[in-house]
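Colleague: Each chain is listed here by its residues.
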Amino acid sequence: MRVLVIDPDAARAALVAQGLEGVQPLEVRRSAVYDEAEVLAFAPDVVVIAAESPDRDTLDSLRDSSAGHPVVMFVDRSEPGLAEQAVRAGVAAYVVDGLAPNRVRPILDVAMSRFALTQQLRGDLAKAKADLESRKTVERAKGLLMKERGLDEDGAYRLLRKLAMDRGKPIGAVAADLLAFAGVLKGDGQ
Amino acid sequence: MSGLSDLRLGFIPLTDCAPLAVAQALGFFEEEGLNVTLEREASWATIRDKVAVGALDGAHMLAPMALAATAAGEGEILAPLALNQNGSAVTVSMALAQAIRAADLQAPSQSSVTAAALAKVVAARRENGQGALTFAVVFPYSMHNYMLRYWLAQAGIDPDRDVRLVVIPPPRMVERMRAGEVDGFCVGAPWNAVAEAEGVGHILVAASQFWPGGPDKVLGVTAGLATHRPDELRACLRAVMRGAAWADEPENRETLIELLARPDRVGAPAAAIARALDGEIVFHRDAAGLPRREHGLWFLSQMTRWGQLGAEHDLQALVDRVYRPDLYREAALSLGPILEPALAFADAAGPAQARLFDGLTFDPQAARAYAASFAIGRTIA
Numbered sequence: 003m004r005v006l007v008i009d010p011d012a013a014r015a016a017l018v019a020q021g022l023e024g025v026q027p028l029e030v031r032r033s034a035v036y037d038e039a040e041v042l043a044f045a046p047d048v049v050v051i052a053a054e055s056p057d058r059d060t061l062d063s064l065r066d067s068s069a070g071h072p073v074v075m076f077v078d079r080s081e082p083g084l085a086e087q088a089v090r091a092g093v094a095a096y097v098v099d100g101l102a103p104n105r106v107r108p109i110l111d112v113a114m115s116r117f118a119l120t121q122q123l124r125g126d127l128a129k130a131k132a133d134l135e136s137r138k139t140v141e142r143a144k145g146l147l148m149k150e151r152g153l154d155e156d157g158a159y160r161l162l163r164k165l166a167m168d169r170g171k172p173i174g175a176v177a178a179d180l181l182a183f184a185g186v187l188k189g190d191g192q
Numbered sequence: 121m122s123g124l125s126d127l128r129l130g131f132i133p134l135t136d137c138a139p140l141a142v143a144q145a146l147g148f149f150e151e152e153g154l155n156v157t158l159e160r161e162a163s164w165a166t167i168r169d170k171v172a173v174g175a176l177d178g179a180h181m182l183a184p185m186a187l188a189a190t191a192a193g194e195g196e197i198l199a200p201l202a203l204n205q206n207g208s209a210v211t212v213s214m215a216l217a218q219a220i221r222a223a224d225l226q227a228p229s230q231s232s233v234t235a236a237a238l239a240k241v242v243a244a245r246r247e248n249g250q251g252a253l254t255f256a257v258v259f260p261y262s263m264h265n266y267m268l269r270y271w272l273a274q275a276g277i278d279p280d281r282d283v284r285l286v287v288i289p290p291p292r293m294v295e296r297m298r299a300g301e302v303d304g305f306c307v308g309a310p311w312n313a314v315a316e317a318e319g320v321g322h323i324l325v326a327a328s329q330f331w332p333g334g335p336d337k338v339l340g341v342t343a344g345l346a347t348h349r350p351d352e353l354r355a356c357l358r359a360v361m362r363g364a365a366w367a368d369e370p371e372n373r374e375t376l377i378e379l380l381a382r383p384d385r386v387g388a389p390a391a392a393i394a395r396a397l398d399g400e401i402v403f404h405r406d407a408a409g410l411p412r413r414e415h416g417l418w419f420l421s422q423m424t425r426w427g428q429l430g431a432e433h434d435l436q437a438l439v440d441r442v443y444r445p446d447l448y449r450e451a452a453l454s455l456g457p458i459l460e461p462a463l464a465f466a467d468a469a470g471p472a473q474a475r476l477f478d479g480l481t482f483d484p485q486a487a488r489a490y491a492a493s494f495a496i497g498r499t500i501a
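Chains as they are written, first to last, in the numbering used here: chain P, 3 to 192; chain A, 121 to 501.
I should point out that these hints are in silico values taken from the structure, not numbers from a laboratory.
Where is the CB? At the ideal position from N, CA and C, for every residue including glycine.
There's no promise every hint is true.
[Unchecked claim] A few chain A residues facing chain P, derived, Cβ under 8 Å: (1) Trp164; (2) Val258; (3) Ala486.
Start from the sequences and build out the full structure, keeping to the hints where you can.
Modeller: Below, the structure written as structure tokens:
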């Protein structure tokens with residue numbers, strides 16, 4: 003497990019390492035500020051950041067991208083209740099109040115599994131959108147074949163499927179090619 | 121018991137926190153029956169989270185952040201007051217400034233505001249196999265992000281493909297540019313002036329050139345504050361309006377700069393703070409405090425243009441929910457003569473159609489069509 007602690011103070015990194023004792027393999031690194039090159043090179047499984055660090059905005063901006071990491075944020079004890087409120091509201095699931103070594107492991111585990119779940123949901127959504135797009139493309143290609151080749155719907159679909167099998171490409175891709183070429187023949191893109 | 125109501129407001133160390141800082145320092149909050157704690161926060165994400173969960177009652181906020189948080193269901197945040205107009209700027213490193221000047225000398229562009237010369241530099245770098253330039257903004261949902269993207273794209277530079285865009289917090293911008301990690305950035309005052317004063321960067325475009333009278337930060341408050349404590353919200357808005365009006369007055373300029381320069385406020389050199397206050401940032405006059413729904417719709421159009429907001433959102437309904445000029449007017453009317461009387465009544469106090477530096481106008485009635493009308497964009501179907 004690779005953990006990056008972004009904190010000017012070394013104490014939190016030490017506590018995190020202590021709380022993860024026994025985890026093998028384990029590498030805990032500390033950096034005073036967010037350094038993109040370092041994060042890329044280290045490829046941490048989870049990032050722990052002090053809530054009072056301005057670098058939080060950089061991490062936050064990555065949360066919806068593939069470059070994102072699960073983030074655990076530690077807030078100061080002088081803000082009692084913030085972590086609980088935030089977690090309850092589902093706003094910042096990574097906000098945790100205070101820090102005791104025995105709480106470190108479960109917190110990081112939850113953050114990582116929640117992150118994995120979010121990434122999976124995002125992937126599923128993207129796939130569903132792509133599937134829908136592909137189906138629309140196939141429908142349009144079918145329509146084109148019916149018009150140009152005088153086929154019925156079933157015949158148009160069979161032709162598309164044959165083209166896909168012959169070329170070893172997904173039917174959606176073949177349909178998209180067909181539409182693109184038809185466009186070129188009609189003079190689009192000139 | 122002081123008999124005062126407690127209110128917690130957050131701010132980020134930037135010049136445009138002035139209306140809040142002034143209201144606090146001059147006792148306007150107390151005069152309105154409020155005991156306000158001003159909490160300096162380190163990041164916009166923390167501001168958003170704290171306001172969303174009610175750990176803060178309100179905060180100095182990036183206007184699009186309130187819209188984004190509400191659209192995403194991360195919390196209901198209202199904008200009953202705009203804190204300022206203008207203040208942001210695009211700054212480039214000295215090396216890039218020089219390259220741009222050289223490119224511009226070969227074939228001078230018509231307007232100094234466009235990124236036409238920068239586009240030539242970007243193209244030349246591509247031909248020479250040099251890496252893409254890196255630009256930084258402060259947050260994905262910010263005027264800075266949309267201003268930089270609009271300005272680049274207007275000159276044919278695709279902000280997602282032709283350059284690299286990263287997020288860097290305002291106080292770190294200048295050091296990253298000095299280290300050569302970013303070639304340009306769009307950030308709020310005073311950091312552009314700080315970069316210039318330290319010989320690290322050169323200011324290319326100020327927000328007032330990009331969009332004269334264009335929007336910037338708002339006071340974002342929890343919807344609960346408006347529902348459950350409307351009197352306190354009104355009192356708070358009155359105090360902040362008075363702070364904004366005070367901050368605009370030229371005779372208060374020196375005192376204001378001194379106040380903002382304090383380490384527990386902006387913590388930057390007085391000269392750098394003074395720069396954007398001189399003919400750039402407006403806090404109160406010209407109805408700068410009115411949270412205009414046209415401004416909110418422009419932000420939504422850019423969020424749509426860059427794929428941050430899907431087609432499922434009703435833009436008008438969203439802006440009506442978040443932008444609350446009615447709350448501003450109500451508070452302004454209860455305040456009396458400090459306000460130019462016309463302001464409280466009319467959205468017509470300014471042009472309904474915004475005109476940006478490229479001469480294009482924005483029709484708030486057609487925000488979605490506007491978003492889709494640009495040659496460069498990422499609109500989601």
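Colleague: Work down the list of hints and note, for each, if the structure agrees.
Modeller: Quick rundown of the hints versus the structure:
1. Trp164: 5 Å, holds
2. Val258: Constraint on Val258(A) satisfied, holds at 7 Å.
3. Ala486: For Ala486(A), the interface hint is violated, since the closest Cβ of chain P sits about 26 Å away, which is over 8 Å.
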